[in-house]
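Same order as they appear, the protein sequences are chains A and B. Take 1 as the starting number for the first sequence in my numbering and just add one per residue. Take 1 as the starting number for the second sequence in my numbering and just add one per residue.
Hints listed in this document are in silico derivations from the structure and should not be mistaken for laboratory results. Glycine included, each C-beta is placed from N, C-alpha and C at the ideal position. Careful, some of the hints might be misleading.
[Stated by the list, open to error] Straight-line C-alpha distance at most 30 Å; calculated DSSO-like pairs for lysine-lysine: (1) Lys152(A) / Lys147(B); (2) Lys38(A) / Lys83(B); (3) Lys58(B) / Lys179(A); (4) Lys2(A) / Lys94(A); (5) Lys147(B) / Lys58(B); (6) Lys2(A) / Lys147(B); (7) Lys147(B) / Lys94(A); (8) Lys147(B) / Lys78(A); (9) Lys38(A) / Lys76(B); (10) Lys78(A) / Lys61(A); (11) Lys2(A) / Lys49(A); (12) Lys38(A) / Lys61(A); (13) Lys78(A) / Lys179(A); (14) Lys61(A) / Lys167(B); (15) Lys94(A) / Lys58(B); (16) Lys64(B) / Lys165(A); (17) Lys165(A) / Lys188(A); (18) Lys147(B) / Lys38(A); (19) Lys58(B) / Lys117(B); (20) Lys49(A) / Lys117(B); (21) Lys49(A) / Lys89(A).
[Said to hold, decoys possible] Just so you have them, the derived chain A footprint on chain B, three or more residues with Cβ under 8 Å: (22) 86 to 93; (23) 124 to 134; (24) 153 to 164.
[To be verified] Going by beta-carbon spacing under 7 Å, a handful of chain A positions derived as facing chain B: (25) Ala34; (26) Gly37; (27) Tyr114; (28) Leu131; (29) Gly134; (30) Gly137.
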Amino acid sequence: MKSIIRFIPLILFILLGVLLYRGLFLNPQAMPSAMIGKPLPDFALSSLKAPEQLVGRTDLKGDIVLLNVWATWCIQCKYEHPYLLNIVKDSRIKLYGLNFTDDRSAALRWLEQYQDPYVFSIFDEQGALGLDIGVFGAPETFVIDHTGIIRKRFAGPINDKIWQKEFLPLIETLEEERKAALANSLAKAPGAS
Amino acid sequence: MNFALMIKNAVNFQKLARYFLSIILLSVLWISHANASPVDTFEFKDEATKLRFQTLSKELRCPKCQNQNLADSNSKIAVDLRKSLYNLLQEGMTDQEIIDFMVYRYGDFVLYRPQLKKQTYILWFGPLIIIIGFFTGVIFVLRRRSKASQLDLSAQEQASLDDILNKK
Numbered sequence: 001m002k003s004i005i006r007f008i009p010l011i012l013f014i015l016l017g018v019l020l021y022r023g024l025f026l027n028p029q030a031m032p033s034a035m036i037g038k039p040l041p042d043f044a045l046s047s048l049k050a051p052e053q054l055v056g057r058t059d060l061k062g063d064i065v066l067l068n069v070w071a072t073w074c075i076q077c078k079y080e081h082p083y084l085l086n087i088v089k090d091s092r093i094k095l096y097g098l099n100f101t102d103d104r105s106a107a108l109r110w111l112e113q114y115q116d117p118y119v120f121s122i123f124d125e126q127g128a129l130g131l132d133i134g135v136f137g138a139p140e141t142f143v144i145d146h147t148g149i150i151r152k153r154f155a156g157p158i159n160d161k162i163w164q165k166e167f168l169p170l171i172e173t174l175e176e177e178r179k180a181a182l183a184n185s186l187a188k189a190p191g192a193s
Numbered sequence: 001m002n003f004a005l006m007i008k009n010a011v012n013f014q015k016l017a018r019y020f021l022s023i024i025l026l027s028v029l030w031i032s033h034a035n036a037s038p039v040d041t042f043e044f045k046d047e048a049t050k051l052r053f054q055t056l057s058k059e060l061r062c063p064k065c066q067n068q069n070l071a072d073s074n075s076k077i078a079v080d081l082r083k084s085l086y087n088l089l090q091e092g093m094t095d096q097e098i099i100d101f102m103v104y105r106y107g108d109f110v111l112y113r114p115q116l117k118k119q120t121y122i123l124w125f126g127p128l129i130i131i132i133g134f135f136t137g138v139i140f141v142l143r144r145r146s147k148a149s150q151l152d153l154s155a156q157e158q159a160s161l162d163d164i165l166n167k168k
């Protein structure tokens with residue numbers, strides 16, 4: 001009994017060491033979004049390219065919707081932009097932009113200069129939608145499934161490595177979920193199709 | 001000659017010291033200026049709302065700059081969130097409603113004071129348990145020590161001890 005007690009400080013020290021050592025490799029910036037699993041809130045904002053046209057949640061059509069938060073004041077968005085042009089070649093996804101607290105003419109110039117990967121961009125001058133989905137900076141990318149639920153939030157610029165690791169597996173899962181749901185609804189109502 | 005030079009040097013030195021002192025003073029003043037909280041030009045409907053704004057912006061944490069509260073931070077998101085906080089207050093939301101609003105969007109992370117729930121029991125009660133454990137340990141050890149210092153003497157030993165003491 002006494003010999004065990006003698007080792008308690010050493011054991012505590014080792015446990016503390018393991019805890020702190022693990023902490024060295026954690027990324028403090030990687031925060032889970034509170035919005036995961038919650039539906040995308042509704043909004044009524046103007047489209048970036050057509051100021052008179054109001055867009056809302058139902059305008060984000062597509063089985064898998066990617067909502068990319070960007071702005072012209074955001075340097076990392078510039079870095080990310082060429083890659084966005086690349087990922088829209090994947091026919092399974094639809095990419096929409098959320099132009100976040102930006103200047104309309106600057107944003108339009110940006111799209112002209114660097115090409116436009118988005119189906120359309122929502123113009124959120126006041127950051128209202130950004131606040132509603134817990135955006136804290138740009139770039140950020142949200143993945144929304146076919147039922148309109150936010151499934152992922154990625155903060156930071158997307159590149160090839162991140163796309164392969166963070167997005168592709170989820171897109172495949174979502175595709176399967178969608179197919180399963182489709183098959184299910186067909187099985188329930190055989191005459192309806 | 002040498003003496004005059006020494007005086008000159010001393011005067012120069014004094015000048016130099018004065019320069020240094022003023023530079024240090026200036027930099028101190030500059031630092032304290034840089035640390036001042038950002039000032040927004042919000043106009044509140046009454047003093048109570050202003051006070052609530054100040055309390056809430058100290059309690060809410062900036063999601064981007066992780067070790068600053070909203071009142072302290074100058075980052076874009078903190079400025080935006082202060083503005084929304086102001087709007088929510090002007091709309092007449094209660095403190096709890098505002099906190100729920102922020103937590104719904106940004107998660108528990110935005111609270112400097114974590115809410116009391118299952119996942120945070122260890123945060124709230126952990127220190128108390130450690131303190132209680134420590135004091136029980138101390139009491140346990142002290143008791144054992146005081147018991148060990150009491151000598152258990154048999155009747156014979158006690159008699160011989162008395163004998164020795166009485167002899168003196």
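Query raised in the report: What are the numbers of the hints the structure violates, in ascending order?
Result: 1, 3, 4, 5, 7, 8, 11, 13, 14, 15, 17, 18, 20, 22, 23, 24, 26, 27
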